Every structure is written in C-alpha cells, then in structure tokens.
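Enquirer: Sequence lines, in order, name chains A and B. Be aware that the first sequence starts at 1, since it is given in the working numbering, and climbs by one per residue. Be aware that the second sequence starts at 1, since it is given in the working numbering, and climbs by one per residue.
Don't read these hints as lab results, they were simulated from the structure. Since the structure is predicted, the reported quantities are computational estimates derived from the model, not experimental observations. Beta carbons are placed, not taken as given, at the ideal position from N, Cα and C, and that holds for glycine. Wrong hints could be hidden among the right ones.
Listed next, with one range per pair, are the computed distances between beta-carbon atoms [said to hold, decoys possible]: (1) ALA127/A / ALA103/B: 22 to 30 angstroms; (2) ASP273/A / GLY36/B: 25 to 33 angstroms; (3) ARG152/B / VAL251/A: 44 to 52 angstroms.
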Amino acid sequence: MLIRRAADIPSSEITDHKLYVRRREFLKAWGLAAAGVAAGGLDLDAQAAKRPAPLEGVVKGPFGTTEALTPYEAVTTYNNFYEFGTDKESPARTAGSLRTRPWTVQVDGECNNPATYDIDDLVKPHALEERVYRMRCVEGWSMVIPWVGIPLGDLIKRFDPTPRAKYVEFTTLNDSRQMPGLRSLVLDWPYREGLRLDEAMHPLTILAVGLYGVVMPNQNGAPLRLVVPWKYGFKGIKSIVRIRFVERQPVGSWQKQNASEYGFYSNVNPAVDHPRWSQASERRIGEFFKRKTLMFNGYADQVAGLYAGMDLRKNF
Amino acid sequence: MAGARAVRFVVKPLVFAVSLGPLAHLAHGAAFGSLGPNPIEAITHGTGDWALRFLLLTLALTPLRVLTGWNGFARFRRMLGLFAFFYAALHVLTYVWLDKFFAWPEIARDIVKRPFITAGVVGFAILVPLAATSTAGMIRRLGGRAWKRLHRLAYLAAVAGVVHFWWLVKADVSRPRAYAIAFAVVAAARLYAAWRPTSGTTAPAGSRASTSASR
Chain A
1 MLIRRAADIP
11 SSEITDHKLY
21 VRRREFLKAW
31 GLAAAGVAAG
41 GLDLDAQAAK
51 RPAPLEGVVK
61 GPFGTTEALT
71 PYEAVTTYNN
81 FYEFGTDKES
91 PARTAGSLRT
101 RPWTVQVDGE
111 CNNPATYDID
121 DLVKPHALEE
131 RVYRMRCVEG
141 WSMVIPWVGI
151 PLGDLIKRFD
161 PTPRAKYVEF
171 TTLNDSRQMP
181 GLRSLVLDWP
191 YREGLRLDEA
201 MHPLTILAVG
211 LYGVVMPNQN
221 GAPLRLVVPW
231 KYGFKGIKSI
241 VRIRFVERQP
251 VGSWQKQNAS
261 EYGFYSNVNP
271 AVDHPRWSQA
281 SERRIGEFFK
291 RKTLMFNGYA
301 DQVAGLYAGM
311 DLRKNF
Chain B
1 MAGARAVRFV
11 VKPLVFAVSL
21 GPLAHLAHGA
31 AFGSLGPNPI
41 EAITHGTGDW
51 ALRFLLLTLA
61 LTPLRVLTGW
71 NGFARFRRML
81 GLFAFFYAAL
91 HVLTYVWLDK
101 FFAWPEIARD
111 IVKRPFITAG
121 VVGFAILVPL
131 AATSTAGMIR
141 RLGGRAWKRL
151 HRLAYLAAVA
161 GVVHFWWLVK
171 ADVSRPRAYA
181 IAFAVVAAAR
191 LYAAWRPTSG
201 TTAPAGSRAS
211 TSASR
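Can you make the complete structure from the sequences, with help from the hints?
Expert: In structure tokens:
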C-alpha cells in the first residue's frame, strides 16, 4: 500500500534524547505544581511521586508540533473516559482499580496472524517513539500531548491483514469490577471504535503506551490506547483488548449512541458543526482566548489525501 | 413578633450570605487557579447549576409554607428568586463574554440553530421581567392578581432550564434528570398544596412580597 507522506519534520530535527531527561518540559510541569502549592497547599513531592514509572529507550518521533505542551497535571486530571465516570474529574480519581498487567490483546478477523498477544510481546519489537500531537475533543477543547507509542501501521504489518480486510475495529476492556462506570448504561458497552485500514496504517496513527515519558496513567487509557490526531478525541479508544480486521465499516459506540452527531470518520473539521455546537473554534486548555480549529486538526498536509473526492459534510 | 424579628435580622442576612457562597467559591477558584484545567467551563457549569438550584428552591418555598404551616418560608421567596436570576445572569454573561467574546452574530446564530441554547435563552428571558417586577412598588403597580399570574412564569423558566441542561449533555442524562425529578416534586407539591381540602391557610401577616402574591 502506498501512503502519501508530506510535510514531515526534517530528520535533522529529530533527536534521540531520552524523554526522561527532558528538563524543560519537566520544569514546566513542576512550575504548575508549584503554582498549585501556592494556591491550595498541594504537596510538590506528592505530585511528582504520583507519576508512573518512566519509559526507557524513547526516541523522538516525527510530526511533532512546537506548540506549548499542555501540563501533565491537566492531561491527567481532565479526562473523558466514561468507563470511569462521565465527568472529567472522575477517571483520575477512580481509574486506580484498573489492572494493566497482565494484559492481552485479541487480534482476529481478516488477518493471517490472529492470536491473543501479551501486551509486552506486542510492543517490545518496536522502538518507542515520542509523538507530540494536538488533541481536539469533539466538545470544543484541545490539548498538546507528548504521547509515547508505536506506529499502528508497523503492528498491523505483523498481523498481515488479508485482502478482504478493509477496516479495523477496536474494543475496550469490559469489566465492571475494574471499571465502575460500566454499571451505568450511558453507552452501549464495550466501547468500540473503528478506522479504515488506510487510516490505521497511516504513519500519524499510533498505539500509545505512555505520555510525558512515563507509563500511560490509567485515566488516559492504559495500558494501550489509540491516538489518531486528525480525528476528534473520542476516536482514540482506550484500554484496548481487541483488534479485529473486518470487511464492513464498524460502528463506534458514540456513532451507535447518536449517529446524527458522531460519524464514522469524525475528522476534525471546522466547517462541519456538531449539530448542537459550532466546531469552528476551540479552547486550548490553559488559554483564555479561543483559537480557530484547523482542518484535520492541522494535519491536512499529511491526511487530506486519504479523503480525496469525498464529501466531508456527508462523511462527517 | 420575636420570630419575625429573628427572621428579618438574623436568618435572612445569614441566608443571603450563604447564597453568595457559590459565587465566592468560583471567584476564589478563578483567582487562585483551583477550578481545574478548564476554569471557564467550570464557571459556566457552576453558575448554570446554581441558577437552576436557586430557581427550584424558590419554587419549593410556597408548598413548604403551606405543607409545614410555617409562613416564614414566604419571606425568602423574593431573595432566593433574585439569586436564581443573579446566577442565571452570570451564566449568560460567562457565555457571552468568555465563550463567545461578544461575537453577537455568532451568538444570534447559536440561539436560532442550537435548541439547547434556545431553551436557555427562553428561560433567562422569562426571568428578566420577574426580577424587574420583584419590588414592592411593582407589585402594587401591577396589582396582586396580575403580578401573581406573571410570576407563575417562574415554573416555565425552570422547565426551560431543565430542558436546556438535558439537551446539552452528550450521553449521561443523570444530572438533568435529577433536576427534572426535583422540579416534578416541587410542582406536584405546589398543586397538592393548592387543592388540598384544608387549603384555607391565611397569607402570612406582615410579609410584604407575599401578602398579595401568596396563593
């Protein structure tokens, strides 16, 4: 399959500095914690100690943005993860009950190497890359997050999809003992999402295992989550337990809940409003004024070709 | 009457101060950065929540008065109703300023195109004349019956507020449903209070806003 790749970061800008020694970003995050101390008596050491273990051997990946990172504190306390409650503060509070090891991912459907893989066997053969991506939520806010992960395309090649595979369907863990939010039937559990195979193979698409150089916090979708930066955040399915190759377009959980509001593609598009609110602008977390939302969340150079000739108003 | 004096000089100022609590909490949070990663959203939701809470609380006062027989409840109706309007006004101001930055054409389009915003604007539009006619002078000018009829619109404002919230949420309607249930209970209690056989309770003596206005 030929994938058009454009406007990449020149290789000269790609450094292989390990993430855990990137002082500036850490200092920035610590600055936020210090502001918290001034305000509400937060304990700086406690904040730092709460971070998961650092990931080793992370190399700087392509497509990085130079925009200011959203502080670690915000990235890990403002989450939409309905399996842990429907308000944004809940996941950080309640996701401690999620057990991320041992963890297996069932790979099946139209592929030649179906199996139930241990997560470490899945991830280990690949170099962990840091990808600094914009994340635009369908609700109208956005963040810049330094994910750590592996290109999904590399993984898919190992599974060797058959010619009948046109789409990939992902499924989240469905265990109400670990995920208290599953007891309220706000969505049709388990959470499901899907991509077209070429979207899944696109070099921008990653499976993330961490952020800010540390192991993925549970509330952000540990141990394995999808990141598709040109789509609204809800496409980035969390805590994945199953990857299935299928011939027909899968139906995502939000699409099933309200097909007129959440389409299969859900590409970030300032010209196509959510029926109940405008998508023309967004509030970057930490900023006062709103900014204009960019077509494909600013990744049009890389991904617009995937949708050539399609009516994006219809295929929203 | 010692009870009336206690209400006027102790309980009322106390309720007034407590009613400013949510505003103090939001102002403190905004000043010291403790409203979470999206403070403007927290202010929007906080002021909207409290507008609805004060409105429902205000509507609960008359059934409470009739059902408990304590006429003192009527003395808090105007104050709490005005707090509902106050928090609703802050809620609207937050939207117009911090969300839309006074982009009036965009706001107009929102009101026309987005049903949940239409419902919210209807609710607020109803509260404006109610707040404007809340003074003793206006009650006198309008006459008790007309004033009473006008202020029954508060129920409609509450319905609009609940609908506004319900149409806003993406999937989890549990909180707007809780408000809807609270409204249903208050409205049912009001109907029961109005129609029960012993409803000959006299209006509370000396309560200015309610002598003419109470049921």
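Enquirer: Decide, hint by hint, whether the structure agrees.
Expert: Right, here's what the structure says about each hint:
A hinted range of 22 to 30 angstroms is violated for the C-beta pair ALA127/A and ALA103/B, which are about 46 angstroms apart. Checked against the hint of 25 to 33 angstroms, the C-beta distance between ASP273/A and GLY36/B comes to roughly 26 angstroms, which is consistent with it. Look at ARG152/B against VAL251/A: about 46 angstroms separates their beta carbons, and that is inside 44 to 52 angstroms.
The structure is inconsistent with hint 1 alone, although it conforms to all the rest.
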